[in-house]
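Number of protein chains: 2
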Amino acid sequence: MRGSHRDVKSPVKLGIGDDCALFYMSEDRVGLITTDTLIEDTHFRLKWTDLFSLGRKSLNVNLSDVAAMGGLPLFYTLSLGLPSSLLSEEVEAFYAGLDDAATAFGVQLVGGDTCNSPLLMISITLVGESVKDTLVLRKGAKPGDLLAISGVPGLSAVGLEALERGISHKEAGEAIAAHLDPSPKIELGRFLAERGVATAMIDTSDGLAWDCQKIAQESGVAVVLERKSIPLPIVPQDFAHDPLFYALHGGEDYQLLFTLSPLRMPVLAQICNRLNERITIIGRVEEGEGVFIEEEDSRVPLEPEGFKHF
Amino acid sequence: MRGSHRDVKSPVKLGIGDDCALFYMSEDRVGLITTDTLIEDTHFRLKWTDLFSLGRKSLNVNLSDVAAMGGLPLFYTLSLGLPSSLLSEEVEAFYAGLDDAATAFGVQLVGGDTCNSPLLMISITLVGESVKDTLVLRKGAKPGDLLAISGVPGLSAVGLEALERGISHKEAGEAIAAHLDPSPKIELGRFLAERGVATAMIDTSDGLAWDCQKIAQESGVAVVLERKSIPLPIVPQDFAHDPLFYALHGGEDYQLLFTLSPLRMPVLAQICNRLNERITIIGRVEEGEGVFIEEEDSRVPLEPEGFKHF
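Those sequence lines, one after another, are chains P and Y. Each step along the first sequence adds one to the number in this note's numbering, with nothing skipped, and position 24 is 24. Take any residue in the second sequence, note its place counting from 1, add 310, and you have its number in this note's numbering.
Hints are computed from structural coordinates only; laboratory data are not their basis. Quantities reported herein were computed from a predicted structural model and do not represent experimental measurements. One thing to keep in mind: the hints can contain errors.
[Stated by the list, open to error] Derived lysine to aspartate or glutamate pairs resembling EDC-like cross-links, with alpha carbons at most 20 Å apart:
#	chain 1	residue 1	chain 2	residue 2
1	Y	452	Y	596
2	Y	538	Y	613
3	Y	452	Y	599
4	Y	480	Y	402
5	P	47	P	89
6	Y	538	Y	604
7	P	132	P	50
8	P	132	Y	338
9	Y	442	P	113
10	Y	538	Y	596
11	P	132	Y	337
12	Y	442	P	27
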């Protein structure tokens, strides 16, 4: 009796290793599932974020994983560990933020549990779906493709450093907002998938260098970044690094990084106009392996330095 | 574009309020999703459990929720917060325990994340499925039904107290094992559902009194427990309560509590024989509301006292 379905076919289409795992829902629909946990003092500090923004971000980082595959988000479960020091209005603000993000993308809370915890701990699992042939994985990039990114990579890392240094929202407001309250690119992801634009896609959660590495590895190609094309964040004076460093190695941007055939550029232009999104071509895909950064005549391998949480 | 499916029909069949939430997978299949989090010093203590058993339990408590609806478990995601004090062999033992439970029930780990955490924190989301018409909810109990339970309620609570009191495994081994390493009743749940035996079902995670209350409330009926029929755990001398108290108010047994028509008793007997399960009829369903306990001529309302974690 047990396992009668699995004797015929595994229910899992794709396991660990992409933004979401995939499972078969029906003949023409594929389910997506992703999970992300935020732990106080590992992923956020309560002195830097309001609870409403934290609620939004908790769901939005999961939504970003569904966006990265061109999926439609459906519903989510929540496990919440609450320290007794949290005021009831703070808990309410957290739920209001969650609900705000859920309403914006039409997803529903279907279950979960709440318990006491010495630190605030938020674990969300999000389920989405996609019509089978429109899903975009990390592995579809082909030599000759262009590499494109939405938004400005590194902005969130600049925002984090601004918070650490106690720099005012007035001076670094855009970067701080990018860090505390990122917007998942659900509509952009779905357009890029359904119009057949993106050949490979990932959300930029670990920094451009790492995320390019994943596309290169999964697709079995080399990714070449053109230094002068990469949009750079504005970095306040006295910060630890130059703008390019934040762009290459800063994480938690939750923008979309994708590859496309040059022939699909006109469709991409239409999508950008329609959604009012800023998309920049920052490189290209070649035969080979690894990630390189190119400036005029020089080309050097780019080693990921990853993104360090505080 | 966004929400195009949901304009026609919500993907969610049943939200918060049963052992699992339900969603539509295809015409004849329903998906089940459930999530449970275990936090160190809230749900377990590392000095009482080995990491292998903890890994098994983390998945098994989720499997129990699928069992309680008569579903087939498919795959799971894992979010793990690891304290730096944990040795690598302890982490390996935890994963081995997880894998042991997963293999026993044919479920696959499909994704998740791991991060640093001041305390060990394990959050699992499990997805299962069921053929649509065989699912058993909490709300199907009817006046005239019998009330049945697998195993011995309260055993896990006795085991927890034994651990708290430092009583040896030799003296309270069965109870300690019930607490540290419960077995989800997947096969039993599926037989009870597919053979049309159970009219309402729940897993006993919060204590018999609470779990009866949920069936009574969801079904709009009264549940009457017959005191002399309730199987009781063996309680070592000097423990805080008498055996009936543990049976009524102890939690975390992860057995199945269900209602059935008396006409289905012969089928239940076949299932018990086939699976070698101990099932006891402990009461009945009547018109009305609330939970009562009956002994000879007296009948008193039973107020849930819930299960206190340490």
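These are the hints, each one checked on the structure:
1. Y:452 with Y:596: The given pair, whose Cα atoms are some 7 Å apart, holds under the 20 Å limit.
2. Y:538 with Y:613: It holds: about 18 Å lies between the C-alpha atoms, which stays within 20 Å.
3. Y:452 with Y:599: Holds, at roughly 12 Å.
4. Y:480 with Y:402: Violated: residue 480 (chain Y) and residue 402 (chain Y) sit about 27 Å apart, past 20 Å.
5. P:47 with P:89: Between residue 47 (chain P) and residue 89 (chain P) the Cα gap is close to 16 Å, so the pair holds against 20 Å.
6. Y:538 with Y:604: Holds, at roughly 9 Å.
7. P:132 with P:50: Violated: residue 132 (chain P) and residue 50 (chain P) sit about 39 Å apart, past 20 Å.
8. P:132 with Y:338: Holds, because 19 Å separates the two Cα atoms, which is no more than 20 Å.
9. Y:442 with P:113: violated, 25 Å
10. Y:538 with Y:596: holds, 18 Å
11. P:132 with Y:337: holds, 17 Å
12. Y:442 with P:27: holds, 17 Å
Hint check: violations occur at hints 4, 7, 9; the rest are consistent with the structure.
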